[in-house]
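Protein chains in written order, with the numbering used here: chain A, 1 to 423; chain B, 1 to 258.
It should be emphasised that the hints constitute simulated quantities derived from the structure, not laboratory data.
Virtual Cβ for every residue (Gly too), placed ideally from N, Cα, C.
Hints are supplied without guarantee of correctness; some may be wrong.
As the list claims (entries may be wrong) - Covered by chain A, per the in silico footprint, the following chain B stretches (three or more residues, Cβ under 8 Å):
{"no.": "1", "segment": "136-147"}
{"no.": "2", "segment": "243-254"}
Stated by the list, open to error - With a Cα cut of at most 25 Å, we get these calculated DSS-like pairs of lysine-lysine:
{"no.": "3", "chain 1": "A", "residue 1": "Lys408", "chain 2": "A", "residue 2": "Lys343"}
{"no.": "4", "chain 1": "B", "residue 1": "Lys206", "chain 2": "B", "residue 2": "Lys144"}
{"no.": "5", "chain 1": "A", "residue 1": "Lys4", "chain 2": "B", "residue 2": "Lys252"}
{"no.": "6", "chain 1": "A", "residue 1": "Lys343", "chain 2": "A", "residue 2": "Lys227"}
{"no.": "7", "chain 1": "B", "residue 1": "Lys252", "chain 2": "A", "residue 2": "Lys36"}
{"no.": "8", "chain 1": "A", "residue 1": "Lys408", "chain 2": "A", "residue 2": "Lys36"}
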Amino acid sequence: MAFKFFENPVVKWVEYRMPVFSFLDHSLGSSYPTPKNLNYWWNFGSLAGMILVIMIVSGIVLAMNYTPHVDYAFESVERIMRDVNYGWLIRYIHMNGGSAFFICVYIHLFRGMYFGSYKEPRELLWIIGVFILLAMMATAFMGYVLPWGQMSFWGATVITNLFSAIPFVGDSIVTLLWGGFSVDNPTLNRFFSLHYLMPFVIVGLVVFHIWALHMHRSNNPLGIDVKGPEDMIPFHPYYTVKDLFGMGVFMLIFMFFVFYAPNFFGEPDNYIKANPLVTPPHIVPEWYFLPYYAILRAFTTDFFLYQIVSLGGFLMSAKLAGVLAMFASILLFLLLPWLDRSKVRSNRFRPINFWFFWIFFLDCLFLGYIGGKPAEGSFIIMGQIATTYYFAHIILIIPIVSILERPKPIPESISSAVTAAGH
Amino acid sequence: MKKVILSAFAAATIALGNVAVTGPAEAASGVKPPAQEWSWTGPFGTFDRASLRRGLQVYSEVCSGCHSLNLVAYRALGEVGFSEDEIKAFAAEFEVTDGPDEEGEMFEREARPADMFVSPFANDNAARASNNGALPPDLSLMTKARFNGPDYVHALLTGYEEEAPEGVMLMDGMSYNHYFAGNQIAMAPPIDDDSVEYADGTEASKDQIARDVVTFMAWAAEPELEERKRLGLKTMIFLLVLTGLLYALKRKIWSDQH
Ligand code: HEM
Chain A
1 MAFKFFENPV
11 VKWVEYRMPV
21 FSFLDHSLGS
31 SYPTPKNLNY
41 WWNFGSLAGM
51 ILVIMIVSGI
61 VLAMNYTPHV
71 DYAFESVERI
81 MRDVNYGWLI
91 RYIHMNGGSA
101 FFICVYIHLF
111 RGMYFGSYKE
121 PRELLWIIGV
131 FILLAMMATA
141 FMGYVLPWGQ
151 MSFWGATVIT
161 NLFSAIPFVG
171 DSIVTLLWGG
181 FSVDNPTLNR
191 FFSLHYLMPF
201 VIVGLVVFHI
211 WALHMHRSNN
221 PLGIDVKGPE
231 DMIPFHPYYT
241 VKDLFGMGVF
251 MLIFMFFVFY
261 APNFFGEPDN
271 YIKANPLVTP
281 PHIVPEWYFL
291 PYYAILRAFT
301 TDFFLYQIVS
311 LGGFLMSAKL
321 AGVLAMFASI
331 LLFLLLPWLD
341 RSKVRSNRFR
351 PINFWFFWIF
361 FLDCLFLGYI
371 GGKPAEGSFI
381 IMGQIATTYY
391 FAHIILIIPI
401 VSILERPKPI
411 PESISSAVTA
421 AGH
Chain B
1 MKKVILSAFA
11 AATIALGNVA
21 VTGPAEAASG
31 VKPPAQEWSW
41 TGPFGTFDRA
51 SLRRGLQVYS
61 EVCSGCHSLN
71 LVAYRALGEV
81 GFSEDEIKAF
91 AAEFEVTDGP
101 DEEGEMFERE
111 ARPADMFVSP
121 FANDNAARAS
131 NNGALPPDLS
141 LMTKARFNGP
151 DYVHALLTGY
161 EEEAPEGVML
171 MDGMSYNHYF
181 AGNQIAMAPP
191 IDDDSVEYAD
201 GTEASKDQIA
211 RDVVTFMAWA
221 AEPELEERKR
231 LGLKTMIFLL
241 VLTGLLYALK
251 RKIWSDQH
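Required output: the full structure, derived from the provided sequences and hints.
Here you go:
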């Protein structure tokens, strides 16, 4: 920040009592040094933050007009769409914002995997990120229930029912989630309350995420530590303007969907009011849950992974195994910093892991595809293969490759690599 | 390597898109309905006003005997060219229960523009009772509540077969339809050539009637569509300019770094 700014008497007065301005300057201003070689994959963190704000603002406005009651919820959302001034815009922003949020966070996460951002000394930063993902999932799941369409109701029924697989306490947990003996008005009420609460929990987690980030600063595409001032540039104005430009591009794409294809990510069934007596032919979650849904459904009694983890069906039911696998598919990310033994962060210098990274990425996409298909015929087998590969990648391939692989030579420093590349 | 990333990303986008577009529910419905041309698709699309008017006539004379339109208010017709007097007169043809009055009695009165379209039946049970046990669904969101909604409804209305194909046993009171999931539908063919006489003299072929009522239903489901597209255009232009300026600024600020 310009020094002139700090000479302003009002600024000085505030600074003396509470140093907000220098705090900002050290957080994302000219006094925050940043690796100079960050590429556009580093934009998705600030994009996710922007969407979080958009979600909270649009959500609060929706909540002013929304009625959390089974007899009125569906109609109140339609009143927002039809009678509230620009209600359709606010609702479509919120609806598509959920998808945009997950797109950004998934890219952000795969960026971290590709460039090894989870490794020492950024383990905690990564772990907090995994918790943010979990909190987002809970938030989005409960939000999807609020418009009280057919998919809202049946999605909630299917997913809450999963908890009944937990031994001994499962049924009590489900009753607690429902506030009764089926998904009904008390469920809708508590989901609304929690859906309002959770985003602020996410804000809290994001604060910790950034705090941890500022300790050791951003990783970079080369994955090597900064060696000195020649490797760095001040965050402002370089990355502030780059992030702003990224936001512009992102808003262009996002707003295109909001205005011209607002129901692209949605299910037509959710425009039918919830009806406990009519089960939709195929119950599917939102697209961002499809990979986990595929993992959940892969666990049938004849699936060999199930036979292994349950010791031949002895330890647990296939349903419980599916539920545990679904949670494990995310929780295992917490161990990634220790499963990966390689000291080299960036996949640019990891010739073997590079390919496994992309295979894993495609496997995740494929799981998403399977999650959207009915669990029948060859889809079951394909889902089981993809699920097996998913866990094999994290538990076996990552550690083994990291031990056996011989990385390519690592550049001396960021600035030497940049000069060598002819910039 | 950049290429690998880009193509993988493209593959990802396409795969995700496919999942979203051809969601699983599609498998449940019958044959894929043939794609039709509609006036409101595309970035500048608007509802064909004459067709919409005829569609309202079809809805009122045919469909409203069985189907409600609960989420649409009469006054909303004002947004698509109906005059206040027309709307008042149209609403006044229907009766709604209001009250209680000062004596505590409920009473009947003529519907007003602020009322929602009056339903043909007092409740779902009454609707089932007059339809062989089947419930005619509310039509307010119908075109959004099915995959390729407008094409589907058009195909449904014109896709009846007088006799079920050989080997198919129709249950009592059911009709055979190519596009309905399971092919047996509890709605008898609601329209045929000349089942309405258009006030504007348009020839009322079955196809024309179906097109008009679908236009009306599409408007009923997305009354914000035209405003959405108008505002969308302004927003996109604004964002394009803003993003272009930000890009120029970015280039300038970073020029000492390359
Ligand atoms: C982390 C941020 C958030 C996420 C990921 C999220 C996600 C969602 C999703 C996926 C829906 C369903 C949209 C639909 O299909 O209609 C929804 C609905 C809703 N959300 Fe949020 N939300 C967030 C923040 C908030 C906040 C802070 C509020 C404030 C109270 C809020 C209020 C609502 C309301 C009232 C609805 C129901 C109306 C509707 O369905 O359009 N949301 N949310």
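Here is what the structure says about each hint:
1. 136-147: Result for this restraint: holds, n = 7.
2. 243-254: Holds, because 7 residues of the segment 243-254 of chain B bring their Cβ atoms closer than 8 Å to Cβ atoms of chain A.
3. A:Lys408 <-> A:Lys343: Roughly 12 Å separates the two Cα atoms, so the pair holds.
4. B:Lys206 <-> B:Lys144: holds (23 Å)
5. A:Lys4 <-> B:Lys252: Roughly 22 Å separates the two Cα atoms, so the pair holds.
6. A:Lys343 <-> A:Lys227: holds (17 Å)
7. B:Lys252 <-> A:Lys36: Holds, because 16 Å separates the two Cα atoms, which is no more than 25 Å.
8. A:Lys408 <-> A:Lys36: Roughly 22 Å separates the two Cα atoms, so the pair holds.
Checked against the numbered hints above, the structure violates none of them.
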